[in-house]
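Two independent chains are provided; combine them into the complex using the hints.
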Amino acid sequence: MNCHAVQTELSAYLYGELDFASEEALETHLADCAFCQLALAREKAWHTTLNSEYRDVPLDLLSTARQNLRSSLTGESAPKPARAPWRNWMGTFGFSPTRWSLQVAAASFLVFVGFAGARLIDSNSLPGASEANGTLAASVLGSSSRVRDIQSNGPNGVRLIVEQIREQEVNGSVEDDAIRQLLLNASRESNDPGIRVDSVEILNSQNGSDVRDALLYSIRHDANAAVRLKALEGLSRFPADRNTRDALKFVLQHDANPGVRSAAIDLLAPSGRTGITPDLANTLVEIMRGSPDDDYVHARCFEVLRTLNTSLDAY
Amino acid sequence: VDRFQFVPEQRADVDPQRQLMSAEVNTRIQQVLGELTPRERVVFEMRHYQGMRLRAIGESLGVTEEAAKNCLFRATQKMRAALGDFV
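The listed protein sequences derive, respectively, from chains A and B. FYI, in the numbering used here the residues of the first sequence are 119 to 433. FYI, in the numbering used here the residues of the second sequence are 25 to 111.
Please keep in mind that the hints were generated in silico from the structure rather than gathered at the bench. Be aware that one or more of the hints could be misleading.
As the list claims (entries may be wrong) - Label-pair ranges, simulated between beta-carbon atoms:
#1 Glu-69/B <-> Leu-187/A: 19 to 27 Å
#2 Asp-137/A <-> Leu-85/B: 19 to 27 Å
#3 Leu-187/A <-> Phe-28/B: 40 to 48 Å
#4 Gln-55/B <-> Thr-166/A: 17 to 25 Å
#5 Pro-62/B <-> Ala-163/A: 23 to 31 Å
#6 Val-222/A <-> Glu-69/B: 57 to 65 Å
#7 Asn-186/A <-> Phe-28/B: 38 to 46 Å
#8 Phe-28/B <-> Asp-137/A: 51 to 59 Å
#9 Leu-187/A <-> Pro-62/B: 24 to 32 Å
#10 Ser-189/A <-> Gln-55/B: 36 to 44 Å
#11 Gly-75/B <-> Ser-189/A: 16 to 24 Å
Claimed, not checked - One side of the interface only, derived from the structure: several residues of chain B facing chain A at Cβ under 10 Å:
#12 Val-49
#13 Ile-53
#14 Leu-60
#15 Arg-63
#16 Val-66
#17 His-72
#18 Tyr-73
#19 Leu-78
#20 Gly-86
#21 Glu-89
#22 Ala-99
#23 Thr-100
#24 Gln-101
#25 Met-103
#26 Arg-104
Quick reminder that beta carbons are idealized off the backbone N, C-alpha and C, glycines included.
Pulled out of the complex, with its shape left as it was, chain B reads as follows (with noise of 0.2 Å):
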């Protein structure tokens, strides 16, 4: 008997359930950054990807920080509604 049958698989590369989460997540990321506006997907990949300060990225747009910071919250309300189910 292969007692190793019967030990969970930790690795989630190997996990084809996970797998297939994982690549469902990832189409819904990809989705949701596409029907951003240019400019909420900008600010949002600023802050979240490589995180810059809102007041940085308001001077890199020509924007004030309070304008950028509206910006980040209308996207991250579209990223939680549109994640909400995979959490």
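Excised from the complex, chain A in its bound form (with noise of 0.2 Å):
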């Protein structure tokens, strides 16, 4: 065996990976080779460098890994929390819940509040309610609610029937009469006055006498001058009616807008106009009396009259 063949099997001899014959002859040479003894010096020493250096695992890393291992399984063996106090009373009567039973009984418990929800919501709906409590009565406040009827229940009670008008909306011709009354109605009752000006220009297309009264009772009563405005141009159309002409009169003398009481003396006396009945014609001398102060009004009254040559000297 030379140098080379000795160096090169130095780490294996090293490692004592070599047969007894190499090792045998490897040894026999390095007695007798002072060169191959430093390569053997060498090669210790870096041998041991790495084993002193070499430190990839952590010292501590066995410690720390047993301290894992016991938390772990202390964590594991820990025992479990107690049963709910509730299982345990189930338990008494000899009924265990697993599980699915317990799904089964939280979905049979939302199906009931749905239930009860949609009953109670229902039943709110409905005129003629008995249920007073105080989430109920909050939740009919609004304002197409209205009070029906009071009775005193107890010291500090009260029984409350409460109509609740429902929104629906309605389409159809004007002729259909559920239609012609909602819309009487609207021009008498509702609340907003757009609402009513727009009822009594559909109205005004209209015939018959009941139309004629809600005219008149617009024109007498109605708040909003615009309102009462429309329900002249729809009187227009019953100028000979006495009931009208007892409106207009009470218009002229009672209104306080002069543009309704300018619009009523037009319809009353219209410029022109021929065979003034002797009834209008006292009427209108009323009228002079009775609005002194209003200029429009006393000149169309004073025309009017001056065509039936009538004696000034009389007003």
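This is the structure:
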């Protein structure tokens, strides 16, 4: 064995991986070769260096791993949390709730809640509902609710019968009786002046005593001047009606709006009108006497009466 | 006079020069191990740090003992060349 072969096998020799014959031959050569002895010393040196410096694994890894393992085993072996009291209570009756039975119970409860909620909402929408607790009272508050009856119920209790109007869309012809009645009601009872104006405008194209009465009611009682003016337009189709004349006379004498009074006198005594009846003449005379400060009304009445050659001394 | 000032320090962890040397050697070792091929590194670490026999290494890697020995030889050559300046 020469020096090259010996130095090639030095690591294997140090690791003890040589067979008996190769190891004997290598040691025989080392005993007589100083150069190979030096090479062996260097080989041992860097082997030692590797052993002393290589510290990939922390020294406390083993203890840390054992500690983690112990804590994990302790956590797993810890007693499970005690059962809920209600489970123990159910267990006294011999009933052990499983996972699926709990799910079925929860589903049944949700169905019951939904059914009860639907019944409650449905009963609230019916007129004549007998429930009157605080929550219900809060739910029926609104402009569409109206108290129909009140009864005392104990020292601090009260029983209310609440009417609640349900909003509903209705489509149909104006000639339809139901729609006609709705329009008549709207022209009188609606809180919205715009709704009353629209209702009167639609009714102006309709005939009938009910329409005339509604228009007469509007010019006498409606608080909005636009509604009264619109009703006067509709009454132009009933100039000879006595009730209409009385209403116009009332307007001329009592309406605070000059525009409404002017429209009323135009309606009652239109320009160029001929055939003034004695009844109309008397009405105009009464108006002139009742509204001396209204120049326009006074002038119009004077103009009409002059066509009748009525003696002005009478006024 | 504190006579202990003249006593050489024997502990390596308190000698700055040895600390620096140790750090450099450690860095060098990690660098050389990183430069080995995956098989060379596995064989070298199994033999040097875990003390496994070449026969067992060959069986573990599915190679012959001779192939494991040749792989170990290449690894030790690279380690020897890299760490020659430190020994």
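Hints and how they fare:
Here the CB-CB span from Glu-69/B to Leu-187/A is close to 25 Å, well matched to the stated 19 to 27 Å. Separation of Asp-137/A from Leu-85/B is about 21 Å and conforms to the stated range, judged on CB atoms against 19 to 27 Å. The beta-carbon spacing between Leu-187/A and Phe-28/B, approximately 46 Å, falls within the hinted interval of 40 to 48 Å. For the pair Gln-55/B and Thr-166/A, the beta carbons lie near 19 Å from each other, so the given range of 17 to 25 Å is met.
For Pro-62/B paired with Ala-163/A, a C-beta distance near 27 Å keeps the hint of 23 to 31 Å intact. At about 60 Å, the beta-carbon gap between Val-222/A and Glu-69/B stays in the expected band of 57 to 65 Å. The hinted window of 38 to 46 Å between Asn-186/A and Phe-28/B holds, with their beta carbons roughly 43 Å apart. Take Phe-28/B and Asp-137/A: their Cβ atoms lie about 54 Å apart, and the range 51 to 59 Å holds.
Distance hint for Leu-187/A and Pro-62/B: a CB-CB separation of about 30 Å, consistent with the stated range 24 to 32 Å. At about 37 Å, the beta-carbon gap between Ser-189/A and Gln-55/B stays in the expected band of 36 to 44 Å. Separation of Gly-75/B from Ser-189/A is about 31 Å and departs from the stated range, judged on CB atoms against 16 to 24 Å. Checking Val-49/B against chain A: minimum C-beta separation of about 5 Å stays under 10 Å; hint holds.
Nearest Cβ of chain A to the Cβ of Ile-53/B: about 5 Å, under the 10 Å cut. The hint holds. A hinted interface residue such as Leu-60/B counts as satisfied when its beta carbon comes closer than 10 Å to some beta carbon of chain A; here the least separation is about 13 Å, so the hint is violated. Annotation: interface hint on Arg-63/B violated; nearest CB of chain A at approximately 17 Å, more than 10 Å. A least Cβ separation of about 14 Å between Val-66/B and chain A goes past the 10 Å threshold, and the interface hint is therefore violated.
The interface hint given for His-72/B is met, as the beta carbon of that residue sits about 6 Å from the closest beta carbon of chain A, less than 10 Å. With 10 Å as the threshold, the beta carbon of Tyr-73/B comes within range of chain A, its nearest partner Cβ sitting at about 7 Å, so the hint holds. Interface hint status for Leu-78/B: upheld, as the beta-carbon distance to the closest one in chain A is roughly 5 Å, under 10 Å. At about 19 Å, the closest approach between the beta carbon of Gly-86/B and any beta carbon in chain A exceeds 10 Å, and the interface hint on this residue is violated.
The closest approach between the C-beta of Glu-89/B and any C-beta of chain A is roughly 9 Å, which is under the 10 Å cut-off, so the hint is satisfied. The beta carbon of Ala-99/B is positioned within 10 Å of a beta carbon in chain A (closest approach about 9 Å), and the interface hint is therefore held. With a cut of 10 Å, the hint placing Thr-100/B at the interface with chain A holds, because the nearest CB-to-CB distance is about 4 Å. A least Cβ separation of about 8 Å between Gln-101/B and chain A falls short of the 10 Å threshold, and the interface hint therefore holds.
Annotation: Met-103/B was flagged as interfacial toward chain A, and the flag holds, the nearest CB pair being 6 Å apart, inside 10 Å. Hint status for Arg-104/B relative to chain A: holds, with the closest Cβ pair at about 6 Å, below 10 Å.
In the structure shown, a violation is registered for the earlier hints numbered 11, 14, 15, 16, 20, in ascending order.
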